[in-house]
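Colleague: Going down the list, the sequences are from chains A and B.
Numbered according to the numbering used here, the first sequence terminates at residue 408, and the numbering increases by one at each position without gaps.
Numbered according to the numbering used here, the second sequence terminates at residue 408, and the numbering increases by one at each position without gaps.
What the hints contain is simulated information worked out from the structure, not anything from laboratory work.
Since the structure is predicted, the reported quantities are computational estimates derived from the model, not experimental observations.
Where hints are given, some of them may not hold.
One copy or any two copies: either way a pair holds, since identical chains are not told apart in the list.
[What the hints assert, rightly or not] Derived DSS-like pairs (lysine-lysine); straight-line CA-CA distance at most 30 Å:
id, residue 1, residue 2
1, 385, 257
2, 67, 250
3, 250, 395
4, 250, 385
5, 257, 395
6, 407, 67
7, 257, 407
8, 67, 257
9, 407, 99
2 protein chains.
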Amino acid sequence: MYNLLNDLSIVEVSSFVASPTAGLYCAQLGAEVIRVDHKAGGLDYNRYMLTGEGRSLSWENLNRAKKSLALDLQSGEGRELLVALAASVGQCITNLPEKSFLSHAAMQARRADMVSLRVMGWHDGRQAMDFTVNAAVGYPLMGGPEDWDPVTAPPVNQVLPAWDFITGAYGAFAMLAALRHRDRTGEGSEVRLPLGDVAIGTMANAGLMAEVLYRGGDRERLGNAIWGAFGRDFRSRDGVRFMVAALTPKQWGGLVKAFGVEAGIAALEVEYGVRFADGDTPRFTHRSDLFALFQHAAEHADYAELESRMTAQGCTFERYRTAFEAANDRALVADNPLFGPAPANPSGFDYPATRSFANLPEREAGDPAPAPFLGQHSEEVLAEKLGLSSGAIGKLVDAGTVALSDKE
Amino acid sequence: MYNLLNDLSIVEVSSFVASPTAGLYCAQLGAEVIRVDHKAGGLDYNRYMLTGEGRSLSWENLNRAKKSLALDLQSGEGRELLVALAASVGQCITNLPEKSFLSHAAMQARRADMVSLRVMGWHDGRQAMDFTVNAAVGYPLMGGPEDWDPVTAPPVNQVLPAWDFITGAYGAFAMLAALRHRDRTGEGSEVRLPLGDVAIGTMANAGLMAEVLYRGGDRERLGNAIWGAFGRDFRSRDGVRFMVAALTPKQWGGLVKAFGVEAGIAALEVEYGVRFADGDTPRFTHRSDLFALFQHAAEHADYAELESRMTAQGCTFERYRTAFEAANDRALVADNPLFGPAPANPSGFDYPATRSFANLPEREAGDPAPAPFLGQHSEEVLAEKLGLSSGAIGKLVDAGTVALSDKE
Chain A
1 MYNLLNDLSI
11 VEVSSFVASP
21 TAGLYCAQLG
31 AEVIRVDHKA
41 GGLDYNRYML
51 TGEGRSLSWE
61 NLNRAKKSLA
71 LDLQSGEGRE
81 LLVALAASVG
91 QCITNLPEKS
101 FLSHAAMQAR
111 RADMVSLRVM
121 GWHDGRQAMD
131 FTVNAAVGYP
141 LMGGPEDWDP
151 VTAPPVNQVL
161 PAWDFITGAY
171 GAFAMLAALR
181 HRDRTGEGSE
191 VRLPLGDVAI
201 GTMANAGLMA
211 EVLYRGGDRE
221 RLGNAIWGAF
231 GRDFRSRDGV
241 RFMVAALTPK
251 QWGGLVKAFG
261 VEAGIAALEV
271 EYGVRFADGD
281 TPRFTHRSDL
291 FALFQHAAEH
301 ADYAELESRM
311 TAQGCTFERY
321 RTAFEAANDR
331 ALVADNPLFG
341 PAPANPSGFD
351 YPATRSFANL
361 PEREAGDPAP
371 APFLGQHSEE
381 VLAEKLGLSS
391 GAIGKLVDAG
401 TVALSDKE
Chain B
1 MYNLLNDLSI
11 VEVSSFVASP
21 TAGLYCAQLG
31 AEVIRVDHKA
41 GGLDYNRYML
51 TGEGRSLSWE
61 NLNRAKKSLA
71 LDLQSGEGRE
81 LLVALAASVG
91 QCITNLPEKS
101 FLSHAAMQAR
111 RADMVSLRVM
121 GWHDGRQAMD
131 FTVNAAVGYP
141 LMGGPEDWDP
151 VTAPPVNQVL
161 PAWDFITGAY
171 GAFAMLAALR
181 HRDRTGEGSE
191 VRLPLGDVAI
201 GTMANAGLMA
211 EVLYRGGDRE
221 RLGNAIWGAF
231 GRDFRSRDGV
241 RFMVAALTPK
251 QWGGLVKAFG
261 VEAGIAALEV
271 EYGVRFADGD
281 TPRFTHRSDL
291 FALFQHAAEH
301 ADYAELESRM
311 TAQGCTFERY
321 RTAFEAANDR
331 ALVADNPLFG
341 PAPANPSGFD
351 YPATRSFANL
361 PEREAGDPAP
371 APFLGQHSEE
381 VLAEKLGLSS
391 GAIGKLVDAG
401 TVALSDKE
């Protein structure tokens, strides 16, 4: 953990992926992030995959480096404590509905300059999750093999919950923007971030909305090819599948040399009266001929040889790996400073743990921290943030309003 | 544009998607973002899709609300001006290589507290792009129909360049974190953000790395089903495909009622000795039986009826739309306050334009701004930020070091 945000405390009341991720990113840059959950665990506490002992590997990765306060959030007392804590700390990340007890107005009533980030479904309050907003904005009907019949082709969901992760990162950004504004003006902010708007808005920002409106219809199915540029998966003689991309003149020149297809390229250039080095447009327009030429070359060499040639030419390429292969890949994980030693995870299972995606060469990175046990920091947080005495905390524990660590 | 960041100026030297997106998000929250390009346009200036007049619809969406300074970046004079400008402004977003003229050290030499964000390929300096890092970390080999033979199934690239968009949002966040640190300590920061680390790190944060290491192998192919929970696409009697998800007890109960499958659920509960309302685990474990039950029910109703029943039960669902359908969907676009009126786009083509994903109910949202013409703000920026006289700027233009608007 870098100490960029070590003056910042944040209360997080979250479930699932987007909202916990916003807190995770802040924690990994040094913020004190206090995740507050219902004492039996929130909706995501038992999210697949569980270890044999019932610990969620999903939860313990999305909540790394946070503190945990466990309250009875079905009781008025527990809810009251949470609102008081959020107001005391001054900034809160949540995906609870705006019409819940943790509304911005409720926090603002106790603290005029409150900053809250609320991750929502659709902007109008309708529920949504990653896979449903994805269905709505068009990407699944663009995926899958190029030779599928466009009329009968099924949608292909992306396995990565991309909208959740974009929303989490954007949420962390928008909250820091609101905090920066408060530092300068003294004004708080309510920041609402609908997952659905991240999806349809990204589709627009990517130029896809303008494109389909300009052409008056949908884009053709491209399979694994990159839209608007030269790139696709190829297969070597020994059956290894790999992805290559050439977006710049240098990348293109290197790829032609690595595949040894200079003569074929020259012939196609004569045939079509174009120069493929000129840019994306001729390469994308004639992609079908180019793909055939490159695939033919790939079939005549084993991957090790192709890899060596592409490396020598500085090409942009990557072998497809399964997730298990990736997790065991030294260059990606064991030798990558993004990962640190396994901390004491709640599950007891040891595996590489992430630092922040960003690295700061001039600063100390520190080691990754584990997720907390549920309620592990209940006493500490209530004492430090709300000034409760140990006697008062003991009474709240006895009354069932506060729970302590679920380690045992 | 909300005015959260209106005290902030940023120099952006970018191409493609991730790095321009970081600047876009800042501009949409009110920052002055000065995109500096080579005078003929950067590597992404003619990125597909182009209008008939040759304007890139990709570029004009990813660079909305920014200013443009066009310099001869192949000349020493142009490069010198850019380094001076970045140091004068104090913060810079770029994806130029660290070993380029725009190194952090070069900017820091002129300004000790410089903050720079550098979007990279892999952490070790190797080139990468969205589709190659995606190939490396495992997702494409998890995608596609469930019934594909796992041994011969091809990779399925996601059409959305998700890693680019996560990196852009995270980069904007990390830069604001570094600026916050400078506000408090006076210290600058070099922030490096490798696209590859965002990919393998997200795979880890999602719990997928822990999962495959824990099980000692890869996850089974799931088709369009949601990992670890209840959710999949179904098809109505009239052939409409839609995605449903039930992660909470309330969502599950509503879905069972909407599909009218209470009896079938009860029978399965007896057969397997489980209660599906208990959580994700029984629903995911027995998903194959549940999917068959729900699909059978879907086949006996038209979509309009299913939609009405799911809406009444507050279910989380969405009909699959093509991108063209989504762009023309009133609820998603025309009636969504995320979008504002078409500004004067460089292309001259009018279409809905995004505001920031985040909305702040208490503040004025303002109207979306257009992308600039290349070089449109060259004179303004050089005069305001570097104090150059109009005579000095005229000489730079005559010498070809500075270019003015390419509007005509």
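Colleague: Would you mind marking each hint as holding or not holding in the structure?
Modeller: Status of the hints after comparison with the structure:
Proximity of residue 385 to residue 257 under the C-alpha cut-off of 30 Å is found in neither arrangement, the shortest distances being 63 Å within a copy and 44 Å between copies. In this assembly of identical chains, the alpha carbons of residue 67 and residue 250 lie at most 30 Å apart only when taken from different copies (28 Å versus 48 Å within one copy). Taking the shortest Cα distances, residue 250 and residue 395 never come within 30 Å of each other, neither inside one copy (69 Å) nor across copies (33 Å). Taking identical chains as interchangeable, the C-alpha atoms of residue 250 and residue 385 are never at most 30 Å apart, the minima being 56 Å within one chain and 34 Å between chains.
Within a single copy, residue 257 and residue 395 get their C-alpha atoms no closer than 75 Å, and across copies no closer than 42 Å, so neither meets the 30 Å cut-off. In this homomeric assembly, residue 407 and residue 67 come within 30 Å of each other (Cα to Cα) only inside a single copy, at 14 Å, whereas the closest approach across copies is 54 Å. For a Cα distance limit of 30 Å, the shortest separation of residue 257 from residue 407 qualifies neither inside one copy, at 59 Å, nor across copies, at 38 Å. Taking the shortest Cα distances, residue 67 and residue 257 never come within 30 Å of each other, neither inside one copy (54 Å) nor across copies (39 Å).
Proximity of residue 407 and residue 99 under a CA criterion of 30 Å is satisfied in neither setting, with 33 Å inside one chain copy and 48 Å between copies.
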